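Taken in order, these protein sequences are the chains called A and W. Reading the first sequence from the start, the letters are residues 1 to 59 in this note's numbering. Reading the second sequence from the start, the letters are residues 60 to 303 in this note's numbering.
There is no bait here: all hints are sound.
No more than 25 Å apart at the CA atoms, straight line, and that leaves these computed lysine to any residue pairs for SDA-like: (1) 176(W) x 27(A); (2) 176(W) x 236(W); (3) 176(W) x 197(W); (4) 42(A) x 297(W); (5) 176(W) x 191(W); (6) 80(W) x 45(A).
Hints in this document: simulated from the structure, not taken from any laboratory. Quick caveat, the model's predicted, so the values are computed rather than measured.
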Amino acid sequence: MNGRSWSDFLSMGGYAFYVWGSYLVALLAIGGEVALLLRRKKALLERTGGTIDKEVGNK
Amino acid sequence: MAKINWYKYASPANFYPLAGKLIPWFAIPAAILFVVGLYVGFFVAPTDFQQGDAYRIIFIHVPAAWLGMFLYVLMAAYAGIGWAFNARLASMMASSIAITGAMFTFLSLATGSLWGKPTWGTWWVWDARLTSTLILMFLYIGFISLQAAIDDPRRADKAGAVLAIVGVINVPIIYYSVQWWNTLHQGATIRILGKPTIAGPMLAAMLIMLAACWLYSVAVVLIRLRTIIVEREHAAATMSEARA
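Construct all of the structure, not just a fragment, from the sequences and the given hints.
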């Protein structure tokens, strides 16, 4: 922040849309990947009867 | 010293629990470094004298672009090993990397577009750097859809490997495109040989974000690899039960 006010910081010198937009897209892309992955894992758990670790790990 | 049999971990069933133990060692530092990197990038790094605050997009744009390229090479290498040595685990690793690589390539294109508009006055230009990165995105999508279209996993692995290996040629084209052709895109910020063109907290923030993205990639790729292992083993088990 280097001693700037919050409103000055949020406006990003007039580039707020582009700067915050970029980080919003990043949040959605990374968050989306994690969400899809966890959903895939959950669906798999349900299909295999909740034994994802026993299925392969402890044979 | 106890001798470790490394070949043991080439088997999916043996690698599975190891991957599970490794995940937190990557996921937790990734989360911490994302916070530290953003803090340095937004609160420590000064405003750029030329680009103002618009340059702060660099802290996500450059790491995303690097990982998009690097993960492609890694994916092709694993796909190639899986194909040449008939190593199932390596092929599964390639399939797991593809999605994260595609995500980072998309992110580099999207943030690049959001950076291009205020600095170049356009969302998109058909120049060498941007076009070759778009091709990288299509290579990832091609790899993922090709594998999804083939039912037999080992045949899907082989077809994917051919596509991935042929597509590797695109990566040096992306990297050197800013030197080989006239382009709107600026040159490399960090060079393999020679000094970086930015300094101090700006560079630190970018490198911290790069490390965070890298650790994040390892964590999600390992989680996905575990689900792929179970999906395939489960499918194989159900098939053999049905036959019996």
